[in-house]
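First to last, the sequence lines map onto chains D and R. Following UniProt numbering, the residues of the first sequence are numbered contiguously, the last one being 275. Following UniProt numbering, the residues of the second sequence are numbered contiguously, the last one being 275.
The set of hints was computed from the structure by calculation and includes no laboratory data. Glycine included, C-beta positions come from ideal geometry on N, C-alpha and C. There may be inaccurate statements among the hints.
Derived BS3-like pairs (lysine-lysine); straight-line CA-CA distance at most 30 Å [as the list claims (entries may be wrong)]:
| # | chain 1 | residue 1 | chain 2 | residue 2 |
| --- | --- | --- | --- | --- |
| 1 | D | Lys7 | D | Lys53 |
| 2 | D | Lys31 | D | Lys119 |
| 3 | R | Lys20 | R | Lys31 |
| 4 | R | Lys53 | D | Lys7 |
| 5 | D | Lys20 | R | Lys20 |
| 6 | D | Lys7 | D | Lys20 |
| 7 | R | Lys20 | R | Lys119 |
| 8 | D | Lys31 | R | Lys7 |
| 9 | D | Lys31 | D | Lys20 |
| 10 | R | Lys31 | R | Lys119 |
| 11 | R | Lys7 | R | Lys31 |
| 12 | D | Lys53 | R | Lys20 |
| 13 | R | Lys20 | D | Lys31 |
| 14 | D | Lys7 | R | Lys20 |
| 15 | D | Lys53 | R | Lys53 |
| 16 | R | Lys53 | R | Lys20 |
| 17 | R | Lys53 | D | Lys20 |
| 18 | D | Lys7 | R | Lys31 |
| 19 | D | Lys119 | D | Lys151 |
| 20 | D | Lys53 | D | Lys20 |
| 21 | D | Lys20 | R | Lys31 |
| 22 | R | Lys7 | R | Lys20 |
| 23 | R | Lys7 | R | Lys53 |
| 24 | D | Lys20 | R | Lys7 |
| 25 | R | Lys7 | D | Lys7 |
| 26 | R | Lys31 | D | Lys31 |
| 27 | D | Lys53 | R | Lys7 |
| 28 | D | Lys20 | D | Lys119 |
If you want the ones that stay clear, here's a sample from chain D, every Cβ over 12 Å from chain R, calculated [claimed, not checked]:
| # | residue |
| --- | --- |
| 29 | Ile34 |
| 30 | Asp76 |
| 31 | Leu77 |
| 32 | Asp79 |
| 33 | Gly97 |
| 34 | Val103 |
| 35 | Ala124 |
| 36 | Gly157 |
| 37 | Gly164 |
| 38 | Asp167 |
| 39 | Val180 |
| 40 | Ser213 |
Chain by chain, the residues run as shown.
2 protein chains.
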Amino acid sequence: MISGTTKLIAHLGFPTESFKAPLIYNPYFDKAGIDAVVIPMGCRPADYAAFVKLVFRLSNIHGALVTMPHKVATMDLLDETSNRARVAGSANAIRLGPDGRLVGDMFDGEGFARGLARKGQAIAGSSILIVGSGGVGSAIAASLADAGARKIALYDGNEASSAGLRDRLNLYYPATEVTVGPPDPAGFDIVVNATPLGMRPGDPLPVDVSRLSPSTFVGEVVMSVAITPFLAAARDRGCAYQVGTDMLFEQIPAYLEFFDFPTTSADELRAISRL
Amino acid sequence: MISGTTKLIAHLGFPTESFKAPLIYNPYFDKAGIDAVVIPMGCRPADYAAFVKLVFRLSNIHGALVTMPHKVATMDLLDETSNRARVAGSANAIRLGPDGRLVGDMFDGEGFARGLARKGQAIAGSSILIVGSGGVGSAIAASLADAGARKIALYDGNEASSAGLRDRLNLYYPATEVTVGPPDPAGFDIVVNATPLGMRPGDPLPVDVSRLSPSTFVGEVVMSVAITPFLAAARDRGCAYQVGTDMLFEQIPAYLEFFDFPTTSADELRAISRL
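The shape of chain D in the complex, shown without the other chains (with noise of 0.2 Å):
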């Protein structure tokens, strides 16, 4: 029930039609008696650092989420960020710190290293392939390296993504080994789909994938279908998988932890959901 002591979670993008959190986070909000709100605001780029600037001076702002097309943007209006969204180059999260200031963090890569955590699959010391250095493979290898991958290997159609992204890992998680070359899956103990390939039919698979081991645990990131040609392709191979939704929930958690309201599970969350 929103009141006047209602906390609210301005959730910036546009166009907003296709927002899912608010259909995640109020229901639990309402469940868990959390006196906040997140709020869909349809905010156009060229209105968006003035609009953040106001909407945190708001006497019941408590914090933001953000997605397209303002999560590279947001960067330049923080003052405190974490490594993972400077790796990343976007943030999808924004909470007001003492003073006023802006703090942010980037949780999509987050999301896909807590799935992978919570199904057995480590990701310290191991060997990942991601496919796709955009925008979400970005916070996905963050993530991964912020979790102690051993080796990460990187492949774009441009290549200047993926060599861009090597040189922020490079600086930000030097223990990390990470190397720009083509997309084989062999040898891989992780191998990550973070391309749009999947999301229409008739889509190119990723990689090739007769040179998956069935040993390979394999992440998906697109979303419109839970089992995509790929994750298909490597089930029958007999890898474990994670779906793109899982990424979505498994984030959920940690952004709770960021705004300070008490967290659950993803289980939990994709349960109360009106997805």
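Once you have looked at the hints, place chain R on chain D.
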């Protein structure tokens, strides 16, 4: 259920803790299947003009409810307004018009006038004493003149306030005779307390109730208790009366029409509300 298609009604004021509108509108929107939500936004005066401009550029904004301390400042931000608002010198509602134009109106007095009409108290042709020429008194005077009051007598401890209101009424509602004088309730059809007197124990009564005729209808704006000492004294003399919260509930159908939403009665709104 808030989703990406939900229309926002920004509830603009500061501070927000005592806001009542979300507890009335949102249960009604739920029950009536209207995909809209009233969201308290604690905007400070220094940020107000810039925030209104940006919040009305959101793609899912529909309108705003305006409360203390922004009702007067709102007038300078509007592209279109009503004579009611001009006389009141303030606005408590904004909607998005064509081409991003901001259309404003003032419904405090409208709620008061609608309440009288629903109680069978004629306004057209009547003589009315309004004690208090501040924001709410001005809004009530405007709506009663708009509804055809024959004569309105004004009193305020600050004589410049009542003289200014008289001048604005003369300008926009020349058919109504307006006088400024002492708060003597004798001989009026309707007597209105539009001062804060009655909010605190020990406040003096706004008029000498011994000069109230039993045929006079008495209206109150104080909402902190239903039966204020003024209403109790008037009731003891046999006067019909209207309590302060009637103004609140009776104005909501007017707001709903302004926002182009399906409307309902004040009684149903009162029954549904979580106040």
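Results for each hint:
no.	hint	in the structure
1	D:Lys7 to D:Lys53	17 Å, holds
2	D:Lys31 to D:Lys119	26 Å, holds
3	R:Lys20 to R:Lys31	18 Å, holds
4	R:Lys53 to D:Lys7	22 Å, holds
5	D:Lys20 to R:Lys20	28 Å, holds
6	D:Lys7 to D:Lys20	19 Å, holds
7	R:Lys20 to R:Lys119	24 Å, holds
8	D:Lys31 to R:Lys7	24 Å, holds
9	D:Lys31 to D:Lys20	18 Å, holds
10	R:Lys31 to R:Lys119	26 Å, holds
11	R:Lys7 to R:Lys31	16 Å, holds
12	D:Lys53 to R:Lys20	27 Å, holds
13	R:Lys20 to D:Lys31	23 Å, holds
14	D:Lys7 to R:Lys20	16 Å, holds
15	D:Lys53 to R:Lys53	13 Å, holds
16	R:Lys53 to R:Lys20	24 Å, holds
17	R:Lys53 to D:Lys20	27 Å, holds
18	D:Lys7 to R:Lys31	24 Å, holds
19	D:Lys119 to D:Lys151	20 Å, holds
20	D:Lys53 to D:Lys20	24 Å, holds
21	D:Lys20 to R:Lys31	23 Å, holds
22	R:Lys7 to R:Lys20	19 Å, holds
23	R:Lys7 to R:Lys53	17 Å, holds
24	D:Lys20 to R:Lys7	16 Å, holds
25	R:Lys7 to D:Lys7	19 Å, holds
26	R:Lys31 to D:Lys31	20 Å, holds
27	D:Lys53 to R:Lys7	22 Å, holds
28	D:Lys20 to D:Lys119	24 Å, holds
29	Ile34	15 Å, holds
30	Asp76	18 Å, holds
31	Leu77	14 Å, holds
32	Asp79	18 Å, holds
33	Gly97	18 Å, holds
34	Val103	20 Å, holds
35	Ala124	38 Å, holds
36	Gly157	30 Å, holds
37	Gly164	32 Å, holds
38	Asp167	36 Å, holds
39	Val180	37 Å, holds
40	Ser213	41 Å, holds
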